[in-house]
Each structure stands twice: as C-alpha cells, then as structure tokens.
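Note that the protein sequences, when read in sequence, are chains A and B. For the first sequence, this note's numbering gives the first residue as 1056, with consecutive numbering after it. For the second sequence, this note's numbering gives the first residue as 52, with consecutive numbering after it.
Be aware that a few hints might be false.
[As the list claims (entries may be wrong)] Cut-off 20 Å, straight-line C-alpha distance, at most; resulting in silico cross-link-like pairs (SDA-like, lysine to any residue):
#1 Lys178/B to Glu1140/A
#2 Lys485/B to Glu525/B
#3 Lys443/B to Phe407/B
#4 Lys400/B to Lys441/B
#5 Lys172/B to Ser1099/A
#6 Lys240/B to Gly1234/A
#7 Lys337/B to Glu252/B
#8 Lys1294/A to Thr1177/A
#9 Lys1230/A to Glu252/B
#10 Lys455/B to Lys1294/A
#11 Lys77/B to Lys573/B
#12 Lys355/B to Val419/B
#13 Lys1105/A to Pro175/B
#14 Lys178/B to Glu1104/A
#15 Lys485/B to Glu1100/A
#16 Lys1116/A to Thr1177/A
#17 Lys490/B to Lys1230/A
#18 Lys437/B to Tyr403/B
[To be verified] Computed footprint of chain B on chain A, listed as stretches where at least three residues anywhere in the stretch have a Cβ under 8 Å from a Cβ of chain B:
#19 1135–1143
#20 1201–1214
#21 1219–1229
By construction, these hints were calculated from the structure, which means they are not laboratory data. For glycine and all other residues, C-beta sits at the position ideal for the given N, C-alpha and C.
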Amino acid sequence: MYRYIIRRLLIVIPVIIGVSAVVFFLIRSIPGDPALILLGEHSSEESVEKIRVQLGLDKPKVIQFFYFLYNMARGDLGRSFLTNEIVSLEIYKHFPATLELTLCSMAFGTSVGLLLGVTAATHRNSIIDYVTTVISVAGISMPIFWLGLIAIIIFSIKLHILPISGRLDPTITFKARSGLIILESLIKGNFTVFKDALYHMILPAICLGTIPLASIARMTRSSMLEILSQDFIRTARAKGLPARKVIYIHALRNALIPVVTVIGLQFGSLLGGAVLTETIFAWPGIGRLSVEAINARDYPVIQGCIIFFAIIFVFINLLVDILYAFIDPRIRYD
Amino acid sequence: MKKLLGTLLLVSLLISSVAFGAETPKYGGTLIFGRGGDSVGLDPADITDGESTRVTEMIFEGLVGFKGETTDIVPVLATSWTVSKDGKIWTFKLRKGVKFHDGTPFNAEAVKFSFDRQFDKNHPYYKYGKWEYAEFALEPLEKVEIVDDYTVRFTLKYPFSPFLANLAMFSCAIVSPTAVKKYGPDFFKNPVGTGPFKFVEWVPKDKIVLEANTEYWGGRPYLDKLIFRVIPDNSVRWLELQRGTIDAMDGINPDDIPAMKADPNISFYQVPALNICYLAMNTEKKPFDNVLVRKAINHAINKKAIVDAFYRGIGIVAKNPIPPNMMGYNDKVKDYEYDPEKAKQLLAKAGYPNGFETTLWTPPIPRVYIPQPTKVAEAIQADLAKVGIKAKIVTFDWGTYLQKTRNGEHEMAILGWGSDNGDPDNTIYVLLDKDNTKKGVASNIAFYKNDKLHDLLIKAQQTTSIPARKRLYESAQLIIKDDAPWVTIAHTSAVAAARKYVKNFAIPAISAIRFTRVWLDK
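Please work from the sequences and hints to get the whole structure.
Quick look at the structure:
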C-alpha cells in the first residue's frame, strides 16, 4: 500500500511538467498583450515596451519557458504581473477561503445527497423519489447566480437572519494564519469570530452545495437500486435483519464505490474555485483570483493556479483510490 | 416694523444656528465603502486603476492637489511655487512640520526620492516598479534637485504648463523613503504616506482597512476607521447598502438608480465625469478622407436616442471632445443636428448618393464611458443604414482592439478616454493632434491632422496664463467641430450612493472620493 502511495505521489512530477508546458504555451497564444491590457487606453509605445522588458516578455517564448521551469524547480512561481505579489503567496492568501467553503458545501451536499439518494431508492416511485429527482435536476440546472440572489433576498433581506455576503463582518479583525477562519477561531476559542464566520458560511455553502448534492443523490439512488435487487440483500432480509441495518450497512456500503468517485470529482472541481458563488457572496477565494488573472493576462498567476489545481486533482484521485480499498476490502493495491 | 424685522432676524438667526448645530460634524465611527473590485496595489506610482487610486489617495498626498471637487490646482505638500520666465524651472517651497505615518520627516529629500525612483533608471529602487504613469506624467521632466531642506527645483526639458496638473495626479504622490527602503518590492502592500488615513490591513479580494491619522497636518479626519470592502456583484452591493451593512458604494446598475433615488434612507450622488466616448473616422481611408462624408455621418446618428437608451441616466450627449465641466469648454460650438435628409444630401454631394459599405468597430467590454458598447454600435449601424451606409460591426478582444485601432486598421471605431489630470491638453492634444498619429502607437485614431490646430495646442502647452489657455482651447474646439474627425457621442457621470447619515460625501470631478471631511450623523 505504502509503495503504491509513494509511486502515485511521484506521478505528480511529470504531471506538473506536462501541465506547465501546456499552460505556458496555451495562455501565451490567447490574443491580448498583458502590458497593453495593464495600461489600457493610456499606454504609449515606450511604456508598453518598457513593461514588456520588465515582465520578461521581450525574450523568446522557449527561453521564457526554461526560465520558468528553472525557477519553479526552486519553488519560485514568480510575481504577479498585475499586483507584483509573489504568486505562491497569492495562492496561499486565496485558497483557504475556497477550501473552507468547499469543505462546508461538500459536507452539506454529501450528507443530504446520500440521505435523499438512499430514501429515493428504498421508496422507489413514491413522492420522495419524485421530489429527489426534481431536486437533483434543479440542483444541476439552476443557475447559482439566481439561487444565490434569491437566498440572499429571503434570508438576509426579508428575514434578517443571515449576513448577505463576505466571510466575516468587515469590522472584525481576525488574523488566521491558516486562513481557515472557522477552524482557527474555534481552536483559539474566539467564539465571536467563530459564530460570525459560521453565519457567513451558511448561504454560500448551501448554494454551492446544491451542485454536488444533485449528482450525489442521483448516483446514490441508481447505485442503491442496483444493489438492492441483488441476492445478498435478499439473503440479509431473509435472515431477519432489521431493514435499517440492511440498507445502511449491507446495501449502502456496496453502493458507495461509484458515489465516492463522484464525490472525489466534485470535491476536486469545487477546490478549483467556484467563481459564480465567490462573486455573488463576495467570497475572497481562488476562483476569483484565477478568473481575474485570466482577464488581465497575468501569466504567472494563471500558471501558478493551474499547476496548483493539477496537484490537487492528483491528490484527490489518490485519496479516492485509497478510500476504495477501505470501502471494499476486495480492492488491493499491492 | 423695526421690531418685526428684529424678531425676524432673531428667528432666522436661531433657525440657522439650530440648523448649523445639527450639522456640527461628529468625530468617530467606521465607514464601510462597498466597491466592485479589489485594489491592484497601494504604491501610488505603480498603479493604473481606479480601485487602487481611491485607496492611495487617502494614504498619500502630492505637492499639489485638486481643490475640493473641482479640477483647480491647490497647494498640498508644497506651500507655494514659482516658474522661471522660460517656463522650464519650477521651484516649490515645501510644507514644514509634516511627518509620514512611520515618523519619517517630510522634506525635499523625500520629494526627490519619490520622483527619482520613477524615472531615473540608475536609482536603486527603480527596479521595484513598472511606473506605468511616469512615461506620461513625468515625460517633460529632466531632473529634480534639492535646493535646501524645504525647497525643491524641477527642471523640464521644454516649457509645459500642464505639468502642474500632472503633479496633482495620484502617481506623483510623495512616499516615505524609509518605508520604500524597508519594504523594497513589497512596498505596494505596506504603503506609508503623509495623508489623512493610515494603512492598517489588506485582506485580498475582501477588504482594506485604514485608520485616522490623528497627527494629520490638516487636522485629523472625522472618521476613526475607513474600510473599503470588495463586493463584486452590483446587485448584492446594493442589497448590502439597503440593509445598512455598508455605508456607501459605487458601481451602480443603471436599473437600480430609480430605487436609490426613491429610498428615504439613501442619498444618491451624480456628477459629470471627465471623459468622452467618440466614434473616430479614419481620415486616412476612403471615403472618410472627405469632410462631407464625415459631416454626413455626424448628421445621420441620433445621439440623443442612443444616450437615452443605453446610458440610462448616467450620460449626456457630447458636442465637444472635452466635457462641459473642464477648463476651456466651448459652449458656443454648434453640434451637427440629427437630420438624415441632410446626411443624404451631403453624401450625394460627396459622390455617394447610394451610400457605401464600411466597418464599424466597437470595444468588446464595457468601459466607464460606454456601458453597453455592442448596443451603441447596433444603434449607430441602424442609423447609418437609414442613409444608405452599410456598416458591419467588428470587434476583438480588448488588447487586440487597442492594438489594431492604433495601427489604423479600422474604418470607423468607437473608443473613449478618461482624463488623467483634468487638463484639456490631456484630452484634445492626446486624441486629436497630428503628433499622435504614428501608426502602431497612435492615440489619435482618426489620424486627423490639422496644422492650425497643432499650433494652437502647442501654444496652449507653453502658455501659463489660464485665460489665454482657455481661449486657445475654445478656438481648437471650433476647428475640430468643423473638420468633424469624430462623432462625439457622450460624456458619462460618476455615480455613488450612501446612507443618509453619511455627511459631507461628494464625488470629485477627477480622482477619488475624499473621506477626509466625511462624518457620520448617527
């Protein structure tokens, strides 16, 4: 098992080099000169040229690429063209917000999704089943922009029970070194901050959580239906085991493999930042960072973000594979 | 009668004193300002965007600045200045007893340091910035010298009177040399100036927190704290203002303006901004080399309908390249009235009785001066079709669009400009003088060349007398209107909204909203 994990971790290196090359040349082929976009209407020939030299854009692309690889090998992703901030710091400053939001929305989406999926499967063609179908279709197809605004209007404007947007009341200063405000305020015992951060989390987490919720519910339902019709379930029932035990221990565990795959994929894509949710709820996450970087042709930040996302995906896939072995003891990696 | 008058006088005095009493500013409180985007950086000389300058303008100050909400230049960190007879040597006397937020004394050395790092390639701190605006603002500058602790001398390469306006721009703010040396490339997130507010904290994409500089030389600001909060979505920001979780905002959906005006808890603010949206006709290409065609197009486009439909209350029809609130605006200029018949006649006279086919370029993204570029282009296209001109709408991504228009690849192109320093030179000379028609870098994308206009504009650069400069720009506008290289489309307004209890809030014509005298009546 350990050898397998180490082997899988080593795959990260060729992945990074491959992704770097693709990203590097792909973003440079998008039309639009970063120096010109930076200066806009007010640029002059000298100013554009001067900035191109400063950003190293005057050198041939291949040379630029080797510089980039060399620096990356030393852990230096460069500085943002736009803000002049160190790219790894930019990621460090924006990712925790996205991570926290993803964890909360996945917790919501997974628990409710599993529950709905199982219930729908065990009550096939009942009202609950239809409701689940409607919720999953709506969850997948509802624009998050619209859902977010409606949720804000109901819970924040009409009912006044939740804050509208942001991660924390702006008058509160809380320095979280990990960037994970909810977790760190809890550990430090600062309950004012903890409560405020939790309140701010509810709406975005639920809105964003509808996306994984829908896929998880659908996948659970169909996987459960398949398992429930199998012989060993009939045997378990015939043995006189309580229905709940049959469903949640015998059936669900066997139905989980495809569900875990879906959860892993959803988790990975949410960690890449949910741009729309982050925009509506003024959430300072990595989704907004990467989209703004693309608009400004901020090459170092785009490269940094995409390489970071690639690494995350490799890890999540590994995690999912390891989980398989725990869920289904028949799966072995040695 | 006398008694009655006396009583009236007394009553009115009482009323005014009561009114005055109610308006006595209160110290304290936190103002949260909601905005659409985060600052890019907080080094005043290394930024180009409004979201950055609105914060640096609170932290930093220049030698001179803009008076109140106008474009008039007033002393700030300088107390007075003199200009040599040839207009090339400017000597500034500096304000004494001013300290940067880190305790560094403000003096001639700090002034020299702030300028040298931007334009002297051998300066040890030159390498830490892109100095985007130095090419423009400091272009005429040859050197800065320290005369004594509180006197600095600027030597220009040639006489250039708008230089004073350049010094009032955000990029010419004076920075603490100690802080620049301490933070090096990270000064942009550790800004230290002399301004009314001190930097406290920046949470990227979320908020920037400033606090009152209690030792500010001009008297401490009323607010204790000033927070700029990023709320990207316009509708959500407006909801926050309605609920009172932010105190003021800008970046307003035109559709929300009626509701803002109707809300008893909200004050809505609107002032004309110093910008212009225009349609440039490439005078080097046929048939736009013919002034009759250009005039015909001016008559063919219903500007009022366009502004009413697509600027929704934040635009006015433009008849000159500079807006009415800028120095030298000539209100006597008569605009081409909307008259398709006249347009047809002019086209026939020019030899195009059945019109012609052409292209109409439009920006791919909304800009301050054009909120809905595609819609405006479509309206112009429809207007031109009515007089027989078939215009195909063309667009590119933003960087490419700028590049291609500078190369002169277009026939007709929509573009705009926001004034950098409030001086008419920065609009008329930049956009319409023959000096700026070099292919690839042209800012005059009509490629319009008129020697008489050029002489007027150069003279206006070299004259320091304001009335004389005004007259020169007034004549310039007449020439431009008559040659019709553009269709001047619109000037837009800057809009903002605040809770009623936010007092002394105002939008300046140029530069950022100033919070120095803003106070909270709650």
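>> For each hint given before, does the structure comply? Return the numbers of the non-compliant ones in rising order.
In response: Hints 7, 10, 16 and 17 are the ones this structure does not satisfy, whereas the remaining hints hold.
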